[in-house]
Amino acid sequence: MTVTAVPSPVKNDEPVKAKKRRNPVRFAILIALLILLLLMLAPLLVVAINAVKSPADYASNGPLSIPGHLYWDGIVNFWNRVNFGQKLWNSFFTSLIVAVLGVLLSILNAYALGIGRVKGRIWFLVFFLVANLLPQEVLVYPLYYLSKQVGLYDSLWSVIIIFTVIQSAFGTYLLTSVYTEFPTELLDAASVDGAGRWRTLWSVVVPVSRPTLGVLFTFFFIWTWNEFFLPLVFLISNDNQTVPVALGVLQGDRLMDATTTSASALIGILPAMLFFVIFQRTLTRGITAGAIK
Amino acid sequence: MAGKSRSRTGGYAVYLIPGVILSVAIIVVPLIMTVYTSFTKWNGVGDQKWIGFDNYTRLFEDSLFWSSFGHIFLLIIAMAVVPTLLGLVLAAVLFDYIAKTFNNRWASVFRSGFYIPQVIPVAVTGIVWGWILHPDYGALNKILDSIGLSGLAQNWLGDPNYALYSVMAVMIWFQLGYPIVMFMSGLQRVDPSLYEAADLDGASWWQRFRKITIYMIRPEFYVVLVTTTIAALKIFGQIFVLTRGGPSNSTLVPSYFAYKNFFEKAQVGYGSAISTVLTVIIIVLAFVFLRLQNRAEKAGA
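Those protein sequence lines, which keep their order, are chains P and E.
full-length UniProt numbering applies: residue 1 is where the first sequence begins, and numbers increase by one.
full-length UniProt numbering applies: residue 1 is where the second sequence begins, and numbers increase by one.
Errors might be hidden in some of the hints.
Unchecked claim - With a straight-line Cα cutoff of 25 angstroms, these simulated BS3-like cross-link-like pairs (lysine-lysine) come out:
hint: 1; chain 1: E; residue 1: 265; chain 2: E; residue 2: 41
hint: 2; chain 1: E; residue 1: 49; chain 2: P; residue 2: 148
hint: 3; chain 1: E; residue 1: 298; chain 2: E; residue 2: 211
hint: 4; chain 1: E; residue 1: 260; chain 2: E; residue 2: 49
hint: 5; chain 1: E; residue 1: 41; chain 2: P; residue 2: 148
hint: 6; chain 1: E; residue 1: 260; chain 2: E; residue 2: 41
hint: 7; chain 1: P; residue 1: 148; chain 2: E; residue 2: 265
hint: 8; chain 1: P; residue 1: 148; chain 2: E; residue 2: 260
hint: 9; chain 1: E; residue 1: 265; chain 2: E; residue 2: 49
These are computed hints drawn from the structure, not numbers from a lab.
With the hints as constraints, model all of the structure from the sequences given.
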């Protein structure tokens, strides 16, 4: 598991370092990498400068010019037209509830499988692994059909319930591997103190595994925020759409000109960038967490 | 000892109950329903009519089905093969060269920068690129125009000859950050003395890269290849936003093909057959990869 602290980088050998410092090639490599990074980020930068450019400015100066003045009308108009505040709230609400419930469900499953070692745990784990792999297409139609039967179609709750289960399949798989190696002494100490299963879970297991739970929470939140396919199918009315769905279905709309499209893309990018900045440490730790035990 | 371990057995199964109930309702039952529906003719309302393997025989004669998998093959190159190889080189350069000759901060700045496309919702990256590649008002053609290369301007996403390649380019851009982050974290496990020994033996950077770097991060290499290949097989959002499978089906992929049959053509049985085949392919592929990985680990041990 690389969920724990990352070891410090390679220690430098002073003479080798001094030799390399004189080497001009190193700057060539740095500059080549900077150019590559700039190319990677160019699409986002182009979106950002054109989102605050007036349509007239765009028509006369093209996409690469720095806007003469900051033109916020494109963003404001688009925001009001799609009622973007509502979409942000829908995305936030859905992602938050899924992250909380998904982590809770993963804890319960992993407690039984990793620490409890219940009978047939291998088969449960194979099930959760397969559930992870399933393309959503193979579940979508029955879920669509069933949600209509129980009156949850076009409700945020249908998406919340489905993603809680889908995300917790990953969470269970990851967390079980952590709990399998949970220090036995702590569990024994708890049982000596007379703590039952339930109290041991909440007062020992959960606090000790908090870093991993933080990674799971972050991932569930961002994954759910970014989901497109199932929300596209389930959330058809304007008031229920999430950010990706609201933006995705407008693509190709006749009302979308260059600057409006940039404005819409920018307000879709900004929340994601905000999460990236907030969660950056957890993210880079967590991306690798599922991979290596 | 026996007493201790007995005190911790039993009484745990109850914690699985919510997970099992929800998994049955959201995953097991729908999965079985889709497989069953794939043997029927059904438009989503009324009765399902059992038709045996008809959907599957139709599928294997459907040129759209085959071409959608042909497109996936190219998308695996763009989403799995190219990012993995490119990411391997970039991760090694960042970890082994930039971090050492400059400092670690530079390496993490690059890593974060390359990772940014991965954190933006796929639908939004679709909008960004849909606009940049737009034939009339898109940034790319405008830029080509302004530097006097208007002859190179194309209807990038609207021309059947270019659409799939444009999508592939977008996907390379989208995926590159993931292998870089994975490989850089894998490299931190490598014992620095291995590199020092190689330096003392006079190994070139390239030799070290081939003999040490690649060897040491095989576990990450497998994981990245599996997850990105599966992601390519499942691709939906970018296709929906960029091309909707068009023009003239030149970017059709299985998941979008299934979606169209479910929700546009009301051929639910046929759509179910497509998604069942896709699911079988993904699961078989995942288990083959797992076997290969286990074998490689045993061979390395």
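Okay, which hints does this one fail, numbers in order? No numbers; nothing is violated.
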